[in-house]
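Protein chains: 2
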Amino acid sequence: MILFVDMDEVFADTYNAHIVRYNEEFNENLTVMDCMGREVWQCVPEERQQSVHLHARTEGFFSDLEPIKDSKEVLKELSLKYDVFVASAAMQFPNSLIEKSDWLDQHYPFIHWKNRILCGSKHILNGDILIDDRSYNLENFNGRKILFTSPHNINTTGFERADNWLEIADKLL
Amino acid sequence: MILFVDMDEVFADTYNAHIVRYNEEFNENLTVMDCMGREVWQCVPEERQQSVHLHARTEGFFSDLEPIKDSKEVLKELSLKYDVFVASAAMQFPNSLIEKSDWLDQHYPFIHWKNRILCGSKHILNGDILIDDRSYNLENFNGRKILFTSPHNINTTGFERADNWLEIADKLL
Chain A
1 MILFVDMDEV
11 FADTYNAHIV
21 RYNEEFNENL
31 TVMDCMGREV
41 WQCVPEERQQ
51 SVHLHARTEG
61 FFSDLEPIKD
71 SKEVLKELSL
81 KYDVFVASAA
91 MQFPNSLIEK
101 SDWLDQHYPF
111 IHWKNRILCG
121 SKHILNGDIL
131 IDDRSYNLEN
141 FNGRKILFTS
151 PHNINTTGFE
161 RADNWLEIAD
171 KLL
Chain B
1 MILFVDMDEV
11 FADTYNAHIV
21 RYNEEFNENL
31 TVMDCMGREV
41 WQCVPEERQQ
51 SVHLHARTEG
61 FFSDLEPIKD
71 SKEVLKELSL
81 KYDVFVASAA
91 MQFPNSLIEK
101 SDWLDQHYPF
111 IHWKNRILCG
121 SKHILNGDIL
131 IDDRSYNLEN
141 FNGRKILFTS
151 PHNINTTGFE
161 RADNWLEIAD
171 KLL
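For the record, the sequence lines run as chains A and B. Counting from 1, one number per residue, gives the positions in the first sequence under the working numbering. Counting from 1, one number per residue, gives the positions in the second sequence under the working numbering.
I should point out that these hints are in silico values taken from the structure, not numbers from a laboratory. Model, not experiment: these values are computed from the prediction. Take these hints with a grain of salt, some might be off.
Remember, identical chains collapse to one label, so a pair may be satisfied in a single copy or spanning two.
Cross-link-like lysine-lysine pairs, in silico, DSS-like; alpha carbons within 30 Å at most [to be verified]:
no.: 1; residue 1: 114; residue 2: 72
no.: 2; residue 1: 145; residue 2: 171
no.: 3; residue 1: 72; residue 2: 145
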């Protein structure tokens, strides 16, 4: 069984990294609770939105991400039962490619390079299960689709949902 | 119709780049004709094989590749008729990721970042046609498989074959 797992906002905490960088840059106190149901850039004044958009093009942004709670342990267990592939739509940000590869080596060394996919869109993936925080990625996938909860998608309906990695473990292990 | 196209030895001339680097390094005159039916590293004395293996980990190796004859023109035409995706098994060489992305921007800017895939293995691809120089990539693909001729695969049998990009044009345009 082939299991695809998205990276950003599923096991790499991009969302919180945007907030931390924004707060540092503008000396603000934005919190995740302020942002529920929206993207981080949508929660800041319009004249600062471009600055948030630029985070993903900033050297080190993807290197510094925190792993999401319980993802290491559960992904390690999942790797024993499934053919687990990381599938990240990273091609928009060429600077992210090496950072993502190095980050996986550092935090998830059990995910072999053969099982890593950096792509631009995900409808070309052929497998059994996809865990992703973006409905547009899940919509075009042929297998079982699991929406991983992220602050931006709390109001999205119509998908099987997992709120955290222990719920993923319950569903798949 | 989704058409996947491998990069190295299909439209990026990795094979010849290995020969050029080897000749420069050891002041030799190895030619493509000397290597027919084999990988470049198999055509050099054993004590120099490791040096050839290291090319792909050398900064600039993938930046400097020559586009293969007629590939630009034919890929551009194909992009009008098919949903063309570049699919390169690049994850083994993390240094190649940004170089491949930049090289595509430089030589094939009409291939959008959404249509670029850097992966470790290709059996996870879901589409209609795959053009590749490696039989092990074609074997696990579900659609039409076209083996693109490279010096190393001239003795491989059992696949529809294209010797050059004009033959690809004849087949697919």
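Each hint, compared with the structure:
1. 114 with 72: So residue 114 and residue 72 pass the 30 Å test inside a copy (18 Å) and across (28 Å) alike.
2. 145 with 171: within (12 Å within a copy, 36 Å between copies)
3. 72 with 145: Within one copy only: 21 Å inside, 37 Å across.
Violated hints are absent here; each numbered hint is respected by the structure.
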